[in-house]
Each structure stands twice: as structure tokens, then as C-alpha cells.
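Given the structure of chain A, go ahead and fit chain B onto it with the hints provided.
Number of protein chains: 2
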Amino acid sequence: MERVRGFRDIYPEDMEIREKIFRESDTCSRLFGFRKIDFPSVEFLDLYRMKSGDELVQQTFSFRDRNQREITLIPEATPTVVRMLTARKDLPRPVRWYSFQKFWRYEEPQAGRMREFYQYNADIFGPDSMEADSEIIMLSMRILDSIGLKKRYQIRVNNREMMQALLENLGFRDVQKAFQAIDRMRKLPADQFLDEISSLIGSRKDSTELVELLGKPMTAADLRSLASGRKEWFSGMDDVVERTARTVELCSSGSPSEIVIDLSIVRGLSYYTGIVFEAFDADGEFRSILGGGRYNGLASTFSGESIPAVGVGMGDAVLELMMRKYGCWKTDITKKSVYVCRPPNSDTSVLAGIAATVRNLGIACMTDLSSRSLSAQFKDAARSGCAYAIICGDAEREKESVTIKNLESGKQELVRLDSLEKFLVEATADS
Amino acid sequence: MERVRGFRDIYPEDMEIREKIFRESDTCSRLFGFRKIDFPSVEFLDLYRMKSGDELVQQTFSFRDRNQREITLIPEATPTVVRMLTARKDLPRPVRWYSFQKFWRYEEPQAGRMREFYQYNADIFGPDSMEADSEIIMLSMRILDSIGLKKRYQIRVNNREMMQALLENLGFRDVQKAFQAIDRMRKLPADQFLDEISSLIGSRKDSTELVELLGKPMTAADLRSLASGRKEWFSGMDDVVERTARTVELCSSGSPSEIVIDLSIVRGLSYYTGIVFEAFDADGEFRSILGGGRYNGLASTFSGESIPAVGVGMGDAVLELMMRKYGCWKTDITKKSVYVCRPPNSDTSVLAGIAATVRNLGIACMTDLSSRSLSAQFKDAARSGCAYAIICGDAEREKESVTIKNLESGKQELVRLDSLEKFLVEATADS
Numbered sequence: 003m004e005r006v007r008g009f010r011d012i013y014p015e016d017m018e019i020r021e022k023i024f025r026e027s028d029t030c031s032r033l034f035g036f037r038k039i040d041f042p043s044v045e046f047l048d049l050y051r052m053k054s055g056d057e058l059v060q061q062t063f064s065f066r067d068r069n070q071r072e073i074t075l076i077p078e079a080t081p082t083v084v085r086m087l088t089a090r091k092d093l094p095r096p097v098r099w100y101s102f103q104k105f106w107r108y109e110e111p112q113a114g115r116m117r118e119f120y121q122y123n124a125d126i127f128g129p130d131s132m133e134a135d136s137e138i139i140m141l142s143m144r145i146l147d148s149i150g151l152k153k154r155y156q157i158r159v160n161n162r163e164m165m166q167a168l169l170e171n172l173g174f175r176d177v178q179k180a181f182q183a184i185d186r187m188r189k190l191p192a193d194q195f196l197d198e199i200s201s202l203i204g205s206r207k208d209s210t211e212l213v214e215l216l217g218k219p220m221t222a223a224d225l226r227s228l229a230s231g232r233k234e235w236f237s238g239m240d241d242v243v244e245r246t247a248r249t250v251e252l253c254s255s256g257s258p259s260e261i262v263i264d265l266s267i268v269r270g271l272s273y274y275t276g277i278v279f280e281a282f283d284a285d286g287e288f289r290s291i292l293g294g295g296r297y298n299g300l301a302s303t304f305s306g307e308s309i310p311a312v313g314v315g316m317g318d319a320v321l322e323l324m325m326r327k328y329g330c331w332k333t334d335i336t337k338k339s340v341y342v343c344r345p346p347n348s349d350t351s352v353l354a355g356i357a358a359t360v361r362n363l364g365i366a367c368m369t370d371l372s373s374r375s376l377s378a379q380f381k382d383a384a385r386s387g388c389a390y391a392i393i394c395g396d397a398e399r400e401k402e403s404v405t406i407k408n409l410e411s412g413k414q415e416l417v418r419l420d421s422l423e424k425f426l427v428e429a430t431a432d433s
Numbered sequence: 003m004e005r006v007r008g009f010r011d012i013y014p015e016d017m018e019i020r021e022k023i024f025r026e027s028d029t030c031s032r033l034f035g036f037r038k039i040d041f042p043s044v045e046f047l048d049l050y051r052m053k054s055g056d057e058l059v060q061q062t063f064s065f066r067d068r069n070q071r072e073i074t075l076i077p078e079a080t081p082t083v084v085r086m087l088t089a090r091k092d093l094p095r096p097v098r099w100y101s102f103q104k105f106w107r108y109e110e111p112q113a114g115r116m117r118e119f120y121q122y123n124a125d126i127f128g129p130d131s132m133e134a135d136s137e138i139i140m141l142s143m144r145i146l147d148s149i150g151l152k153k154r155y156q157i158r159v160n161n162r163e164m165m166q167a168l169l170e171n172l173g174f175r176d177v178q179k180a181f182q183a184i185d186r187m188r189k190l191p192a193d194q195f196l197d198e199i200s201s202l203i204g205s206r207k208d209s210t211e212l213v214e215l216l217g218k219p220m221t222a223a224d225l226r227s228l229a230s231g232r233k234e235w236f237s238g239m240d241d242v243v244e245r246t247a248r249t250v251e252l253c254s255s256g257s258p259s260e261i262v263i264d265l266s267i268v269r270g271l272s273y274y275t276g277i278v279f280e281a282f283d284a285d286g287e288f289r290s291i292l293g294g295g296r297y298n299g300l301a302s303t304f305s306g307e308s309i310p311a312v313g314v315g316m317g318d319a320v321l322e323l324m325m326r327k328y329g330c331w332k333t334d335i336t337k338k339s340v341y342v343c344r345p346p347n348s349d350t351s352v353l354a355g356i357a358a359t360v361r362n363l364g365i366a367c368m369t370d371l372s373s374r375s376l377s378a379q380f381k382d383a384a385r386s387g388c389a390y391a392i393i394c395g396d397a398e399r400e401k402e403s404v405t406i407k408n409l410e411s412g413k414q415e416l417v418r419l420d421s422l423e424k425f426l427v428e429a430t431a432d433s
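Chains A and B, in that order, are what the protein sequence lines are.
If you count by the numbering used here, then the first sequence holds residues 3 to 433, one letter each, in order.
If you count by the numbering used here, then the second sequence holds residues 3 to 433, one letter each, in order.
Keep in mind that the hints were calculated from the coordinates and are not lab data.
Incorrect hints may appear among the rest.
Same chains, same names: a pair is fine if it fits in one copy or spans any two.
[What the hints assert, rightly or not] Derived EDC-like pairs: lysine to aspartate or glutamate, alpha-carbon spacing no greater than 20 angstroms straight-line:
1) LYS332 x ASP40
2) LYS104 x GLU118
3) LYS91 x GLU15
4) LYS22 x ASP318
5) LYS38 x ASP318
6) LYS38 x GLU15
7) LYS338 x GLU307
With the rest of the complex left out, here is chain A (with noise of 0.2 angstroms):
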């Protein structure tokens, strides 16, 4: 029996360290006033069509129903949460919501690109503000900061409608295409980029110029400088540039990671409307880590009412080769936990009873299961990681107690069964 290609198996040993990356994305979200949310994982296709045209759905699971209408494996969350938003009138805004879901692309598997994936995602609706902006910004980066990235990333803003302006200023005739080649800019040779904005724009001089500025990375200072350096590039841009510059000073004011400006942030998709930002590793390694911006044109597609809104969405895989190269992929030390055997021929429902007086004091505890030897049991017990093994034989019941086997030290202490709770509370507790 094989797994369909390019799906996981997630073991125990993965399993609990990914767990982490729930427990602090929960915990960052519910810090920042931020409620969860749960959706179908399936959809009608056509909600990505309205959104993205037909190149996203080239890459979905999409099938038939059995009335031949077209479903699909959501590949994304943002059509689906702005569809709950609209169905519900009743909601005071901002409304803000997060959600940890798992998706689907039908791409071709790669690391870091599997075609099923986790995904975090926040968004706010309502507020059109700097403050909303640095608000899931600053949640983003906190996030990372909890799992154990603090200073291992580096946050690039950038804002589609200053660039825009920035394009439609420096004289270019199809700002769509010149977006799209931007967004290709670290996968070509430098000159063959600097040829195709030159193509473009139509002037050699201003794509030189433009080009050195593309991931030239910027303080807020930096970009207020620029603009009022170069007046004809930046006219009538004076609110965009200080809105984008005060976004990041708002952001740099939260935590102390890093958070630049690069006006070669773009992301691909059209619907962007202000702020957009990724996160990369500080070294450069990886596809980025998270993305997200300003969309406040999507509500509006869909229900004809507009919603300003601004999101970030945070996949698993790249975040695991992450959390994997800095040493941050590594299960917590554990609660001690307990194990309690099985004497060959004993009464196994006192030994029930024992290990419910355990779990009752919020201790982890298994159960001998087979009626192997006690030296085999206390194997187990070790290579499971307990720290304490329980035997309660005839010879224990007799006295009303019970003998406690550290199986680190392999020191035996009898112990009654009325002080066998605080024994173990003392036992268990962290050192």
C-alpha cells in the first residue's frame, strides 16, 4: 500500500514539533485579540476564478461533484474567509480572524513545496489604516519570534500602490507586465532583467537607475529621503510614501527584528492594493517563510459591498526547513511521566486504579499492556521515555504500597499508597 505523491506521513517525532508552530501561532493570535475560525476544505472552483483567474486553478484538486459541478480542494484561504465575512452582516468590524488549515496544489513536489500543506492565516476587515497594517505585521513577526526565529528572518515591506504610482511616474505604459517582471526578478541574470524593464519603460537611464533600486533593502528614513531626493519619480506620492514609511517605524517599535523596505516586493497576485510584505530567512536560503498585504478589493467582487481588508498567510514547509536549519526543530523536554508494570499473574484492576490516581494528578502515564517479564516492562518504560516505573506485586499489597524504580538511576524506594501522590507530584516536578 503506497501514499498518493507529494503527501506526508507526519510521525510522533515530526508531529510534536509541529505542534509548536500551532501552540504559538494560537497564543500570538489570541494575544493580539484575534479569534479562530474553521472552514469547508472544499469549495466551488469558480471562487477562485473571481479572484484569480485561471492560473491558479491550473494548480488545483479540482473534480466533479456527482451533479458534474466543479469542486475543488481549497488552495488558499482568503476567498473562503472574505465568502464567511459577506455572509455575515451581523458583525461588528474590525473583525479579526485566524485559522490553521490545510491545503492543497496540484504542483509538482519540491522542498519546501509539498501539494499538501498547512497553513496559518490572519486577517483584518474594516479599518483601512497604518495601524491595521502594522498590527498583522507585527503579529506575523511575533509569531516567528515565539517558535525560536527571533533575528533569524528579516521582514521586506513594499506597498502596490506606491509602486504603481512610482511605475505609472517613471513612464511605464503597462504597469500589470512590468509587476510581473519584477516578481521574476530573482529568477533572471541581471541583465537580461535590466533588458526587459528597459523594453518597457523605454529608457535606459531610468531602468538603470530603477533596477539598482529593486532589493536594494531601505530604512524608513531611506525611503523618505529617496522620495523627496527624486521629486518627478515620487509626485504626488507624498501620503503612500509616508504611510508606507510610518507602517515599518510602527512595526520596528513592536520587536526588535529586522524590517526593511525593498521595493522589489511585489507579490505576484493582482489583487494587492496597499501594503505587501514577505518574511525571508536572514541568510537568504528558502523560498519566503510568509506573505501577506493589503486586498481591499476582493469583498467587493463577491458581494458587491467593499470590505477594506489587510492578511498574511504562513505555510508549513518552508517554516520546518527554518525551524530545521537554526536547531529550533527539536521537541521540548517533556513532563516526566510514569509507567506503571504489570507483575506476571497480579490484579490488574489495582494497577488501573494506580495509574488513574497518576493521570489524575496531570501526570502522563502508560500502562503495562502484555504480560512480558518485569526487566522487558522497565525496557519499555525507558525507551518510551518514562522516568519512574510503579511495581504493585503481593509482596507490595501486603503493605498497603507500592515500589517506585527511577529508571535513570535504577534506585527502588517503597513508597505507601496514601503518600503515593505527593511522592510522584515531588518526583515529576521540573527541576
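Showing chain B alone in chain A's frame:
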């Protein structure tokens, strides 16, 4: 834009309580020494054909991938979990695994049955013992107890091996047909069911006695005395009767909830080979809340190696109906949270710093994201469930302080920035 039929959008108010099911299942599973796994949502359809034949396959969301292979959204966990187990020869046994995933079935939607649902699954692989059987049942009971259903449910236990022998001793020519008939018992009028059993057994007298027994709750002692009173029916069954009785006794010692033997519990799936059990609402409402049993034959179907197994599955749908009925479907009182207001024209970066301070204390904190009036912000804060609002305008900043408004009492006080942390820790402590 519409949702696909039989699928649900889960908004925060329902999600927060659903999270309680996830959380308690996690906690209980770990207390019992189980480790979490995760697996693909898509498998080759043949995996289910091998286990269950074509009946289940009719009810799957299946389709052909681009290579024309039949794949399906997973309808249940067991085949995948066994596939994962047999792929790893290195795992020491017993293996204790659990998971909480989404599953899909193409059935007509009804109360307690959607086309997409979450299901908890736990299995023990390796030992074929009554200790393993009872461990799975006690874990199931502990989860139900932990989510607030203590004394609200009843576990009904039977044993397929015992029933097989009993039905053979009674003279049933086609025992599989008898199982199918018993599985439908509650859906048929009493006399029609009796007719069906009579026609299968060929004896009206034995049928009447058997039908009286089916569905009658019995203790372990009841089962033992039945077996010793009807020696011809229970001939050669001493071991299996005793194992069934002992399993029930073991489970009752671990938890005070009710557990009975019920000979009508046979669970349709023919792959069960020993103990079987289901949990029901104590009032008898709803379909079963959870169900499971021993299935020692499945691994050898997949891999040729025989691996004894016992497991349980519990969907979220009937559980939700139960929790609503008994008032456990209510959000717990959440920790007090804080709202950072934004007085018009104030310096926003100071506010981001205050929000970071609050969140660093582990206190959930929303910041205002608009430029509304302060009174509108207070209203939003109270509506969002915040206990306190922090205001830091020019007047406060001059005094290196903030104003803190208790949103319930309306009382305001000035707190110096250097004692803000102390104030918040005390104010948000559980009272």
C-alpha cells in the same frame, strides 16, 4: 458565492468550543501515553476497497487524478494509520497513536452527520490483551468526562469473537448475515426483527430468548451467570466470556461512569475480531457518540504481517449535539483582556509599545485600528470582551502615565508607565 452542500463554516463562537474538544482530547491522550500523528487527506481508493469492500467506497468523495488513478478524500483513519504503521518496521511496540483530522463522506447530510467532519482516533498496536482493550475504553471515557459529559453517557461493550461463537452455538447458518441483522435491530419493528432472526436460526424458541437478551444491559456478573446458566449456548466460550467481563470490570474501576455489556452492539464493519464498544447519550438520544474495537486482521491484509490492534473513533458532530444538550457547549470565561485606545492625533508608535508591553505579560490586547472617537473605541472594546481600556494621550504622556478605564465599572485611574505591568498583572488575575 455559496458553500458546497453538507459543509460548514465555523465562526469563532462555535470554534472556541470545538477547540475544547481538541484540547481535552490532546490532554487525555497524552496522560495515557499516546503520541499524535497526522496523515494525508487523500489516499488511493483501493486502500478502502481492501478493508471494507465496495460499500464504503460508494460513500466517498473520490475522483481521478491527472494520471487517471482513483484517489479519494479519506473517509476514515484506520486504513491510513495501519499503512503508516506497516511502513515502519523500526517502531517498538506497543505503539500508542492518536490523531484528530478531517474526514469526508458523500452521504445525505442530516443532524449529526455532515459531509465533512473532524474525528478523533486512537489505537494501540502490538498487544492482544484485555489491558489494551480496556485502556482504549478508559481513554474514551476520560475524554468524554473531561469535556463535561460525566454521567451523561453510557458505554456499551460486546465482543465479536464471543458473539460469533454464541451465534454458531445457537445454530445460525450464516453468522455474517446474523451480524448484519443485529446491526439493524434498532431500525426495525420488534416483530419484524424477531421474524428475521427466526428465519436465520430456524428455531422460534431460541430466537425469542436471544432477542430478549439483545439490547439488555448487563454487568460483568450478569454475563458470567448467563454463561453458566446456559451452558449449551456458551459451550467452549469460557475464556472469551471471562475476558469480556474482566475488560468491563477494569474500565469501571478507572472511572465512575456507567459501562455495561450489550449483546446487540456488533458494529457492522466485518473487520472487528474481539471487543467492540460504543458510547451513547444516557437518555438514549442521538446516534452513537464514539465507537471502536479490536481488529487484529487488518495489518496482515495490507502487509502480510499480523499486528494486533484496538482502537476508537469519535466524530465531532454527535459530540456537539450532546454538548449542546447538556450545556457544555459554552465558551469558558476567558482571561481578562485589554484594549489600547488611540486618542485622535496621538503618537501611534507609543501605543504599539504599550500593546507590546501588555502582550509580553501574556495578556490579550487589541489596539484600536481606526480614527474613531474615544467613546466609539470604548464601545468597541466592551463589545470585544475587553475588561480594561488604556488611554495614552498628550496629557498622560506629559505625566509619563496612562489612564486605565475599567470598562465594567466605568472607573478611571491614572497609572504611571513604570508601574503599568504591576497594575495589569493584578487587574487581570483570576478573581
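We went through each hint and held it up to the structure:
Taking the shortest alpha-carbon separations for LYS332 and ASP40, only the inter-copy value of 18 angstroms comes in at or below 20 angstroms, while the best intra-copy value is 28 angstroms. Both within a single protomer and between protomers do LYS104 and GLU118 lie at most 20 angstroms apart by alpha-carbon distance, with minima of 7 angstroms and 13 angstroms respectively. Within a single copy, LYS91 and GLU15 get their C-alpha atoms only as close as 44 angstroms, which misses the 20 angstroms cut-off; across copies the closest is 16 angstroms, which meets it. Taking the closest pair of Cα atoms, LYS22 and ASP318 come within 20 angstroms of each other only inside a single copy of the chain (11 angstroms); across copies the shortest separation is 23 angstroms, beyond that limit.
Taking the closest pair of Cα atoms, LYS38 and ASP318 come within 20 angstroms of each other both inside a single copy (18 angstroms) and across two copies (17 angstroms). When the C-alpha separation of LYS38 and GLU15 is checked against a cutoff of 20 angstroms, the pair qualifies only between copies, where the shortest distance is 9 angstroms, while the shortest distance within a copy is 26 angstroms. Taking identical chains as interchangeable, the C-alpha atoms of LYS338 and GLU307 are never at most 20 angstroms apart, the minima being 55 angstroms within one chain and 34 angstroms between chains.
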